[in-house]
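Position chain W relative to chain E; hints supplied.
One letter stands for each residue in the lines below.
Protein chains: 2
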Amino acid sequence: MVDVMHGIGVLVSEVGPRDGLQSIASVMPTEAKKAWIKAEHEAGVREIEVGSFVPPKLLPQMADTADIVRYARTIPGLQVAALVPNLKGAEAAIAAGAHKITLPLSVSETHSLKNLRKTHEQVYEEIANIVALIKGLPADLRPHFEGSLSTAFGCTIEGVVPEAKVVQAAERMVALGVDEVGLADTTGYANPAQVMSVIRAIWSAVGRDKLTGIHVHNTRGLGLANVLAALEIGLTTFDSSLGGLGGCPFAPGASGNIVTEDLVFMLDAMGLKTGIDLEKLLKVRGIVTAAVPDAMYGFTPDAGLPKDYVQGGVGWGVGNTKLAAE
Amino acid sequence: MVDVMHGIGVLVSEVGPRDGLQSIASVMPTEAKKAWIKAEHEAGVREIEVGSFVPPKLLPQMADTADIVRYARTIPGLQVAALVPNLKGAEAAIAAGAHKITLPLSVSETHSLKNLRKTHEQVYEEIANIVALIKGLPADLRPHFEGSLSTAFGCTIEGVVPEAKVVQAAERMVALGVDEVGLADTTGYANPAQVMSVIRAIWSAVGRDKLTGIHVHNTRGLGLANVLAALEIGLTTFDSSLGGLGGCPFAPGASGNIVTEDLVFMLDAMGLKTGIDLEKLLKVRGIVTAAVPDAMYGFTPDAGLPKDYVQGGVGWGVGNTKLAAE
Chain E
29 MVDVMHGIGV
39 LVSEVGPRDG
49 LQSIASVMPT
59 EAKKAWIKAE
69 HEAGVREIEV
79 GSFVPPKLLP
89 QMADTADIVR
99 YARTIPGLQV
109 AALVPNLKGA
119 EAAIAAGAHK
129 ITLPLSVSET
139 HSLKNLRKTH
149 EQVYEEIANI
159 VALIKGLPAD
169 LRPHFEGSLS
179 TAFGCTIEGV
189 VPEAKVVQAA
199 ERMVALGVDE
209 VGLADTTGYA
219 NPAQVMSVIR
229 AIWSAVGRDK
239 LTGIHVHNTR
249 GLGLANVLAA
259 LEIGLTTFDS
269 SLGGLGGCPF
279 APGASGNIVT
289 EDLVFMLDAM
299 GLKTGIDLEK
309 LLKVRGIVTA
319 AVPDAMYGFT
329 PDAGLPKDYV
339 QGGVGWGVGN
349 TKLAAE
Chain W
29 MVDVMHGIGV
39 LVSEVGPRDG
49 LQSIASVMPT
59 EAKKAWIKAE
69 HEAGVREIEV
79 GSFVPPKLLP
89 QMADTADIVR
99 YARTIPGLQV
109 AALVPNLKGA
119 EAAIAAGAHK
129 ITLPLSVSET
139 HSLKNLRKTH
149 EQVYEEIANI
159 VALIKGLPAD
169 LRPHFEGSLS
179 TAFGCTIEGV
189 VPEAKVVQAA
199 ERMVALGVDE
209 VGLADTTGYA
219 NPAQVMSVIR
229 AIWSAVGRDK
239 LTGIHVHNTR
249 GLGLANVLAA
259 LEIGLTTFDS
269 SLGGLGGCPF
279 APGASGNIVT
289 EDLVFMLDAM
299 GLKTGIDLEK
309 LLKVRGIVTA
319 AVPDAMYGFT
329 PDAGLPKDYV
339 QGGVGWGVGN
349 TKLAAE
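As they're listed, the protein sequences go chains E and W.
Count along the first sequence from 1, then add 28; that gives the number in my numbering.
Count along the second sequence from 1, then add 28; that gives the number in my numbering.
Just chain E, with the same shape it has in the complex (with noise of 0.2 Å):
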């Protein structure tokens, strides 16, 4: 139960900068990622997944992405991520001293095809090559290679995507070997029972420890409660984007990953230890809206801190003595 969980770590894993800044049509020029990355490291956040190794004039947002990897590899303590199409995208992520590198898998053939124009056998061969490119580095530059499950509840296109079709995909992944399969609700149709039936289904075939985190959006609303549900039944990694920026540009109407700024609030409230500091991740706003204006939501930053909160305690409210004694 969540209310007994305080003092739990989990690692919020911001994506803005890769999946927010892909979905919006202007360009954040070079120097303000490198703030926004550098700000919000200093507010806290652990592991940022800073671009996407994909041709520039597919995403021309992206195209900085090897500069952008070198310079957050100078932060000392940050976990860089990128996300990465195809071996040659994981060639250039590794070149540019990528920690994580992680290939989305669309479950839905169909959002494969259109997302990353290859069906499922050629993205199987993709992940099966990058295995191999990692086994041939020294040890100490192999990156975390995760699959990432996408479209893994539901797709804009087929509709329905079957949990026997996610955990196939989970399975295979996991025997040409990636390092870990993420789960991402790329279309924003998953609810909490079906966050965990998911989880639970792709834990018994490969092992809790090949499944870790979730990538939820807010379409529908549902982001938090998403989140929530993962929570408690054990998954302690969990993507948002600053501002709620960003979203899927080949799946229509799909915008919204959840918001940074509400995530990490509701983790703080609940007493979880996100080693963030919600004031100064608030401040971050800033450098993104100079940048990109307009493309930014977020309830905790519209409405403020609740009266007299305090940050990192054992959870606001939650019967302890502090707060019951008076």
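A portion of the hints provided could be inaccurate.
One copy or two, it doesn't matter: identical chains are merged, so the pair holds either way.
Claimed, not checked - In silico DMTMM-like cross-links for lysine to aspartate or glutamate, where the CA-CA straight-line distance does not exceed 25 Å:
#1 Lys238 - Glu208
#2 Lys335 - Glu137
#3 Lys85 - Glu59
#4 Lys301 - Glu260
#5 Lys238 - Asp168
#6 Lys335 - Glu186
#7 Lys116 - Glu208
No lab work stands behind these hints: they were computed from the structure.
Then chain W, alone, in the frame of chain E:
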């Protein structure tokens, strides 16, 4: 666990005509209110808080509440609820025929003085008088009387509201003879851990049957996560407002009921039984926006239902045979 809750019945209690309309400046015409209530009941909503018996000088938006209650009582099967601030309001509500009356007690006494202009002792006196009034009625005319614990999760003026104070107020109201206590996050301060903790504490003090519902706001984006927490430990009634209309005009920055459409989508997708037709519900918005433009929001209304979504099923994608088979 919420992934095995499918089939359970839950009650969505629409509070938009009261909590929504009282917090916006414009006054909705009486005929539009009636059309809203009728259409929402036709969509399957079984309980609606239709207005508040407060002096028209204070809230002109609620001046026609007696008329609205009388009209709503003509709709077969609809549970008609109204808010009352005092004995006089209760008399008027009962005369109009309300099935359920709710008197709010702000656990934060400062908020009580600003909102109801009464000390706690004065509110308890009103409660005692209303209980006596109801006892004097023939059995078939007695409304269900709820004492609602508002600002139960924190106050914009007092800050932290200790759990012990919430419990004390619940005990006092039950001792005075209310049928049930309600729990309201008037200020949008609640988090899921706190929701569980406060519910458990109240149950321990007054019994599970004396607290079955919760009223949460979405001020910091945590509304549906808080519903999920309450649902998981066993509450079955959830207040919400169509289009997220409303909030509390006396708690600055505390606007924002949870969105009925998003709530119903979450519950339905989890396989819970709300009795509400989502597509019909989404169409009710037109009536409200025609009368009070620019006051509504909602994620599910913006995004639409998932492709091939089946209402009233066992849960979208929850490992069921139909979805798993292919």
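Evaluation of the provided hints:
1. Lys238 - Glu208: within (5 Å within a copy, 47 Å between copies)
2. Lys335 - Glu137: Between copies, since 16 Å is at most 25 Å while 49 Å is not.
3. Lys85 - Glu59: Within. Shortest intra-copy distance 21 Å satisfies the 25 Å Cα cut-off; inter-copy 56 Å does not.
4. Lys301 - Glu260: Intra 15 Å, inter 23 Å, cutoff 25 Å: intra and inter.
5. Lys238 - Asp168: Cα proximity of Lys238 and Asp168: one copy only (21 Å, versus 60 Å across).
6. Lys335 - Glu186: Between copies, since 8 Å is at most 25 Å while 46 Å is not.
7. Lys116 - Glu208: For Lys116 and Glu208, only the intra-copy Cα distance (20 Å) is at most 25 Å; the inter-copy one is 64 Å.
Checked against the numbered hints listed earlier, the structure breaks none of them; every hint is satisfied.
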